[in-house]
Amino acid sequence: MARAVVTVPPKAKRGEIIEIRTLIGHTMETGFRHNNLGQLLPRDIITQFVCTYNGTEICRSDFFPAVSANPLFIFTTVATESGTLEFKWTGDNSFAHSMTAGIVVE
Amino acid sequence: MTSRRSLLIAAGALALSVRPSVSDATPAQMQDAIRKVVGDAQIQRGKVKLDLPPLIDNGNVVALAVSVDSPMTPTDYVKAIHVFNEKNPQPNIISVYLGPRAGRASITSRIRLADSQTIIAIAQLSDGSFWQTSQDVVVTIAACAEEIS
Chain U
6 MARAVVTVPP
16 KAKRGEIIEI
26 RTLIGHTMET
36 GFRHNNLGQL
46 LPRDIITQFV
56 CTYNGTEICR
66 SDFFPAVSAN
76 PLFIFTTVAT
86 ESGTLEFKWT
96 GDNSFAHSMT
106 AGIVVE
Chain L
13 MTSRRSLLIA
23 AGALALSVRP
33 SVSDATPAQM
43 QDAIRKVVGD
53 AQIQRGKVKL
63 DLPPLIDNGN
73 VVALAVSVDS
83 PMTPTDYVKA
93 IHVFNEKNPQ
103 PNIISVYLGP
113 RAGRASITSR
123 IRLADSQTII
133 AIAQLSDGSF
143 WQTSQDVVVT
153 IAACAEEIS
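Quick mapping for you: the protein sequence lines, in order, are chains U and L.
Just so you know, my numbering puts 108 at position 103 of the first sequence, and the rest follows in order with no gaps.
Just so you know, my numbering puts 51 at position 39 of the second sequence, and the rest follows in order with no gaps.
Okay, chain U solo, but in the shape it has when bound (with noise of 0.2 angstroms):
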């Protein structure tokens, strides 16, 4: 089970654009990489993660396997209403992760 730290600020005005940070730990094995025998090590990234808030997609990004090990990814949003913001990573080998922040707007 991968593990994932974000950071979303618990309060903040209606209007507001806040920061979103995301951290998951995954390897984002490349498949260019041979190991000690010669043999090719097949591609093991997270090719994909989605934000919604409240139910609508603010945030999708495209991995490829330039992205370091233990993607970060920061972005904003305008916080408009009190609610749930749900992450998901999707990737290879049906590696699929999802964490939910909450957060309220005043």
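Just so you know, these hints were derived from the structure itself, not from any lab.
Bear in mind that the values here come from a model prediction, so they are computed numbers and not experimental data.
A portion of the hints provided could be inaccurate.
To be verified - Under the rule of at most 27 angstroms between Cα atoms (straight-line distance), these lysine-lysine pairs were calculated in the DSSO-like manner: (1) U:Lys93 - U:Lys18; (2) U:Lys18 - L:Lys91; (3) L:Lys48 - L:Lys91; (4) L:Lys91 - L:Lys61; (5) L:Lys91 - L:Lys59; (6) L:Lys91 - U:Lys93.
For this one, chain U is given, so just place chain L on it according to the hints.
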């Protein structure tokens, strides 16, 4: 007469020569990848700001920040940000799809770079126009240089 040693040397040389090498993307491949995203549209220079360290000690973890000069209103916003390279095994690095709810068109991540090269960031705006910027970076320790033991 063939000695055992010369045989071993020959075998070693053969093993080295057949070891498959990872072919790098070329600037032409990068252009192909860009065309796939952009289509026939004209790419203009400006609006995009690419923030990478000019001198990179370790190509495995390179801080990348891209921001686009846009008001991010429902009628004028950044639709997507794409980052490309010319010397990694693959020309794509990351593609981000945003909307007016992003508030600010600015993203940060960490990437791998295999060699000193030019990085290109392209932004697609809501009116369909494309804007780009590029930056040259020098990489001293390349990503993917070390094999697993």
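Status of each hint after checking the structure:
1. U:Lys93 - U:Lys18: holds, 25 angstroms
2. U:Lys18 - L:Lys91: holds, 25 angstroms
3. L:Lys48 - L:Lys91: Distance of about 16 angstroms is within 27 angstroms: holds.
4. L:Lys91 - L:Lys61: Holds, at roughly 16 angstroms.
5. L:Lys91 - L:Lys59: holds, 14 angstroms
6. L:Lys91 - U:Lys93: holds, 20 angstroms
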